[in-house]
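Protein sequences appear in the order of chains W and P. Sequential numbering from 1 applies to the first sequence in our numbering. Sequential numbering from 1 applies to the second sequence in our numbering.
Treat the hints as calculated values from the structure; they're not laboratory data. A few of these clues could be false.
[To be verified] DEER-style ranges, computed between Cβ atoms:
(1) W:H32 x P:A87: 25 to 35 Å
(2) W:E28 x P:N58: 50 to 60 Å
(3) P:E89 x W:K425: 40 to 50 Å
Note that beta-carbon positions come from the ideal geometry of N, C-alpha and C, so glycine has one too.
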Amino acid sequence: MSGSIQDTFFEECEELLEATDEGLTAIEGGDHNPEVVNAIFRAVHSIKGGAGAFGLDDLVAFAHRFETVFDEVRSNRLELDGKLVQLLLRSSDHLSALVEAARDGGQIDEAHHDTLLAALDEYTPDEEEDLTFEPMGLGGPAPMMDLGGLGGAPAAPQEETYRIRFQPLKEMYGTGNEPFFLFQALRDMGGLTVALDENELPGFDAMDMDESYLAWDLVLVTKEPRSVVEAVFEFVEGLCELSIAGDGDAEAEANALAALDAMFAAPPVPPAAGSADGEAAAAPFEPPVPAPEPEAKPAVAEEKASAPKAESGNQEQRGGPKPTLRVELERVDRLINAVGELIINHSMLAQQIANLNVSDTRDVETELEGFKNLARDIQEGVMAIRAQPVKPLFQRMARIVREASAATGKTCKLVTEGENTEVDKTVIERLSDPLTHILRNAVDHGVEKPEDRAAAGKQTTGEIRLSASHRSGSVCIEIRDDGAGVNRPRVKQIAIEKGLIPENAELTDGEIDNLLFAPGFSTAKEISNLSGRGVGMDVVKNAVTGLGGRINISSAPGKGSTFTIILPLTLAVMDGMVVSVADQTMVVPITSIVETMRGSDDMINSLGADGTLLSIRGNFVPICDVAGALGLYRESDRQAGVYLLVETETGQRCALAVDDIHDQRQVVIKSLDGVCGEIPGVAAATILGDGKIAMILDPESIIAASPTAAAFDTERRLSNAS
Amino acid sequence: MKTKVLAIDDSRTIRNLLAATLEEAGFEYHCAVDGREGVDMYPEIDPDVVITDINMPNLDGFGVIEELRGEGINSKVPILVLTTESAPELKARARGAGATGWITKPFDDASLIFALKRVTGAAA
Chain W
1 MSGSIQDTFF EECEELLEAT DEGLTAIEGG DHNPEVVNAI FRAVHSIKGG
51 AGAFGLDDLV AFAHRFETVF DEVRSNRLEL DGKLVQLLLR SSDHLSALVE
101 AARDGGQIDE AHHDTLLAAL DEYTPDEEED LTFEPMGLGG PAPMMDLGGL
151 GGAPAAPQEE TYRIRFQPLK EMYGTGNEPF FLFQALRDMG GLTVALDENE
201 LPGFDAMDMD ESYLAWDLVL VTKEPRSVVE AVFEFVEGLC ELSIAGDGDA
251 EAEANALAAL DAMFAAPPVP PAAGSADGEA AAAPFEPPVP APEPEAKPAV
301 AEEKASAPKA ESGNQEQRGG PKPTLRVELE RVDRLINAVG ELIINHSMLA
351 QQIANLNVSD TRDVETELEG FKNLARDIQE GVMAIRAQPV KPLFQRMARI
401 VREASAATGK TCKLVTEGEN TEVDKTVIER LSDPLTHILR NAVDHGVEKP
451 EDRAAAGKQT TGEIRLSASH RSGSVCIEIR DDGAGVNRPR VKQIAIEKGL
501 IPENAELTDG EIDNLLFAPG FSTAKEISNL SGRGVGMDVV KNAVTGLGGR
551 INISSAPGKG STFTIILPLT LAVMDGMVVS VADQTMVVPI TSIVETMRGS
601 DDMINSLGAD GTLLSIRGNF VPICDVAGAL GLYRESDRQA GVYLLVETET
651 GQRCALAVDD IHDQRQVVIK SLDGVCGEIP GVAAATILGD GKIAMILDPE
701 SIIAASPTAA AFDTERRLSN AS
Chain P
1 MKTKVLAIDD SRTIRNLLAA TLEEAGFEYH CAVDGREGVD MYPEIDPDVV
51 ITDINMPNLD GFGVIEELRG EGINSKVPIL VLTTESAPEL KARARGAGAT
101 GWITKPFDDA SLIFALKRVT GAAA
């Protein structure tokens, strides 16, 4: 039970941290609305409260300091200047890290933790007390004490008789406290006799209905220690005249009374008539230490055990910002799968009807069209369930930029756009690492040092713009910095040193920029704290292509670089071109196709022994026979050239030779993972209208495996160089 | 008759913890996500006891106490304040507004139930 509540806590933490970040960003942007500060205070406060319940001490301690500073701001004792805002931003980042550490059991940076604590301390008044944040007993019956353990309990508690004089002040009745319930609580502890003292009751005529005249004398015989007896009166302390006298030996009593006197700052008997209401109410009161080993009450234990479960938390869904439903991811996946089947089923039906050879199929076709539209609506609806705005991801990136800036001594700000763009949940999760890497690079390599920026006539603060948008069925993520741009001579030099390109290679600017994605490439002069973690841009590129996306870089010297990531909206359905290759039907992702064409013989030129090039508008493009690349045997001779012109990530073009092009349509992607492992040239599979399975090709790997393409590439580089 | 509790807290975690503890102990549990909602829900639920947080959006815990004790509702219902602060000033302020008692967060189950019993006389 508490496990799942703890899960809820971490989920809630994420929302609260988001709210904190959002508030701080607004403050950084100059928004001084007090409600913003209040909202942050509450968010941090809630994190502290929840963390306390689960005994996450580090988190509690830090959240407390953090919250205290906000309390100062809230009550206008502290001004939010730039320096403080930066500290708060870093603290908020650290709070996230602490939450993560608490959830995943990771390590925190102790030194950083202490530095921030010290920095926060400077803004807070002397801490009045050390924060002890453990479940505090109110002095009630000791919690977990089952009856079976009674026999083994050390030193069975002695019965004791307490004489209690209790006289409420009239103020007590205004607080909803009821003497009867207090007596009930006492009665539950043992034998209780109650005697009403009505001596102070005036005559009926003289009675002031608002005044309190009654007093009680109680005798309690109980095994509970004195602290438990006193705890009963905790809430009315200061609102009544109270004395509790035990019948134990005189010495013990004297001690206990002394302790009691110390506990209740005002002497319990008899307080000066007037002073009781005002001053005594504010008297400091420490909750008594929980009693060591008192006896658990059988009644409570039994009732607890037999208590029927009240109707479960329907209430929980009431209110809140937006009613939401938590669903296991697996259920959504199942639904997506079913919708995929529905789409496949539609194409099967269509095909069956076409095969029927009925003369008039117009009515059926109309209905079928309706079916198709409905299926598409359902599909979009289901996809929308998985879709989430990129906002949390972008907010995390703001943190990355701050950390990277601090590590490199540069000043950078992250500007985000299109935060509400929705992308499939999986895509968002898998984008986190590539984005982190690109942004770190942008700070480390892209943006210049403040003095260099000043010298170049730029603002000293670098600006990194992270934007998301939908672009014709894809998602476009752009990371643009206003730094120095790619240092092309240097990049080329490194590539030559590493043997990635021949020494005399002539490369276009775009080709040089693309070298950044080459495996094993790194421009870092020395391994800095930030980069040089053994992860290069090639890993970023692989992550993006792994998502079925593309990444491009463009750069202008002195003006900055832009990375553009184009991703499919979803990982479940894609637009593909249905082609046939050696009597097999296959699908090529539409995103990688630049154009399709029918070539004539005079457009084909030979290269080497069996390589062929296609001449298109004065340019030569290597031809890659898909059947050959996949090792398929072709019975009949291939009909004169149907080509798909595709472009790889490195900008290399290649003409995929296929036998025929049939159709362009949406296909449901069926992963081959776990079925037959990785197959070079094949990305996934799909099911066609006739129920047959078709492979979805991966043009990138087909080209990589093509000797012609490789040979042509070398040839081209050599000829460029000569 | 089960004792009806109306818990007002903006933290889902705390609401869940309260729900678990109270339902386990046989109370009837209702909750509101902020002070405003809590006060609005009050007449409909007609609880035997209210547990309220202090720091909440829209209407804070002091506001809840003031409204529940105010003219419109004129309630004598016990109100327990659930707070992370144990400072005497805070208790005094809560009491001045008409709070019946206070529970310090994080609470332990037994203390919470004990406190509820003392203000409602609940058998549960």
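For each hint, the structure was consulted:
1. W:H32 x P:A87: 25 to 35 Å: Distance hint for W:H32, P:A87 holds at roughly 28 Å.
2. W:E28 x P:N58: 50 to 60 Å: 26 Å Cβ-Cβ, so the 50 to 60 Å window is violated.
3. P:E89 x W:K425: 40 to 50 Å: Holds: the Cβ-Cβ distance is about 47 Å, inside 40 to 50 Å.
Checked against the numbered hints listed earlier, the structure breaks hint 2 alone; every other hint is satisfied.
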